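Peer 1: Sequence:
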Amino acid sequence: MKELGKVGVLFGGRSAEREVSIMSGTGVLNALKSRGVDAHGFDPAERSLAELAAEKFDRVFIALHGRYGEDGSLQGALEQLGIPYTGSGVMASSVAMDKIFTKKIWLYHALTTPKYAVLNANTDLSKVANQLGLPLIVKPPHEGSTIGITKVTNADALPAAYQLAAKFDEEVLAEEFIQGRELTVAVLGRGPGAYALPLIEIVAPDGNYDYQNKYFTDDTKYLCPAPIDEALTQEIKTMCEEAYRAVNCEGWARVDVLLRASDNKPFLIEINTSPGMTGHSLVPMAAKAAGMSYEDVCIEILKTARLKTASDSE
Numbered sequence: 001m002k003e004l005g006k007v008g009v010l011f012g013g014r015s016a017e018r019e020v021s022i023m024s025g026t027g028v029l030n031a032l033k034s035r036g037v038d039a040h041g042f043d044p045a046e047r048s049l050a051e052l053a054a055e056k057f058d059r060v061f062i063a064l065h066g067r068y069g070e071d072g073s074l075q076g077a078l079e080q081l082g083i084p085y086t087g088s089g090v091m092a093s094s095v096a097m098d099k100i101f102t103k104k105i106w107l108y109h110a111l112t113t114p115k116y117a118v119l120n121a122n123t124d125l126s127k128v129a130n131q132l133g134l135p136l137i138v139k140p141p142h143e144g145s146t147i148g149i150t151k152v153t154n155a156d157a158l159p160a161a162y163q164l165a166a167k168f169d170e171e172v173l174a175e176e177f178i179q180g181r182e183l184t185v186a187v188l189g190r191g192p193g194a195y196a197l198p199l200i201e202i203v204a205p206d207g208n209y210d211y212q213n214k215y216f217t218d219d220t221k222y223l224c225p226a227p228i229d230e231a232l233t234q235e236i237k238t239m240c241e242e243a244y245r246a247v248n249c250e251g252w253a254r255v256d257v258l259l260r261a262s263d264n265k266p267f268l269i270e271i272n273t274s275p276g277m278t279g280h281s282l283v284p285m286a287a288k289a290a291g292m293s294y295e296d297v298c299i300e301i302l303k304t305a306r307l308k309t310a311s312d313s314e
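Going by full-length UniProt numbering, the sequence shown opens with residue 1, and the numbers climb by one from there.
None of these hints come from the bench; they were simulated from the model. Remember, predicted model here, so these are calculated numbers, not experimental data. Worth double-checking, as some hints may not be accurate.
Distance ranges between label pairs, derived from CB positions [as the list claims (entries may be wrong)]:
| hint | residue 1 | residue 2 | range |
| --- | --- | --- | --- |
| 1 | Asp124 | Thr146 | 24 to 30 angstroms |
| 2 | Gly36 | Asp263 | 48 to 54 angstroms |
| 3 | Ala261 | Ser73 | 34 to 40 angstroms |
As a list, the in silico DSSO-like pairs of lysine-lysine whose alpha-carbon atoms are at most 30 angstroms apart [to be verified]:
| hint | residue 1 | residue 2 |
| --- | --- | --- |
| 4 | Lys104 | Lys167 |
| 5 | Lys288 | Lys265 |
| 6 | Lys151 | Lys167 |
| 7 | Lys104 | Lys265 |
| 8 | Lys288 | Lys2 |
| 9 | Lys115 | Lys265 |
| 10 | Lys237 | Lys115 |
| 11 | Lys288 | Lys221 |
| 12 | Lys303 | Lys288 |
| 13 | Lys151 | Lys115 |
| 14 | Lys115 | Lys167 |
Don't be surprised by glycine CBs; every beta carbon is placed ideally from N, CA and C.
Let's have the full structure, built from the sequences with the hints guiding it.
Peer 2: What follows is the structure in structure tokens.
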């Protein structure tokens, strides 16, 4: 643990997911301290980058979610400051934060993701409804934790769904609705060595896995490992590992998948490069099914902290 040096746990931040980030960071901080790590909390919303540099951290664990912490901006600052950090680098973080751009990369790599359309103030919404069919999902492409998301079952509701998502992003993502089972897959590692942890199936009340059911109730059921036959399980794991590598993620991430009920075909939905680490979070749950405790997975992720730009030529 002494080799890990002085560690900063970055949490809080200025995004819409600040509340969840505080819960994640507090959990990580306590876990690291319990293992004897010289760990200290740091909230970038309350302290400056100059103060971050003055702390002289040997490495930092990023437990920030959303904008300014998961989108590549902080990663770029840490590269400039020379502070090794957990998770993906600048480019992978910014790409994964943009659900539209992520889909374009996955489609280039022939990975399956739902059909979609990009909406703005000039879009003919009725054409979108005809193109994608109903129901469809409307969401801001740069937010997580189901913030600003609407399931549209009637074309008349599409303008209101667009307006809600447009509060968060100038462009809005409309996506084909996939009826089926909701899965999530944690991936650890880097490059060819990246590997998926056991699958988790999410069974939310009335199929509504919203912000409240994610973080603040015990009504949602999580099945881990997911009750899926071995061949299909391996297919989904391989798909998620390929999705992770396509975006050039490293350290850790979580890939969300929908398994279509009609034919058991998996569809990639999004990838989170700084997943939640709260008491309700899914990466610790998957890690536990693989024989790793919460503290174990925090230490393993922390050990992977590095400067990506400086190491690209290594």
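Peer 1: Are there hints from earlier that the structure breaks, and if so, what are their numbers?
Peer 2: Hints that this structure does not satisfy do not exist here, as all of them hold.
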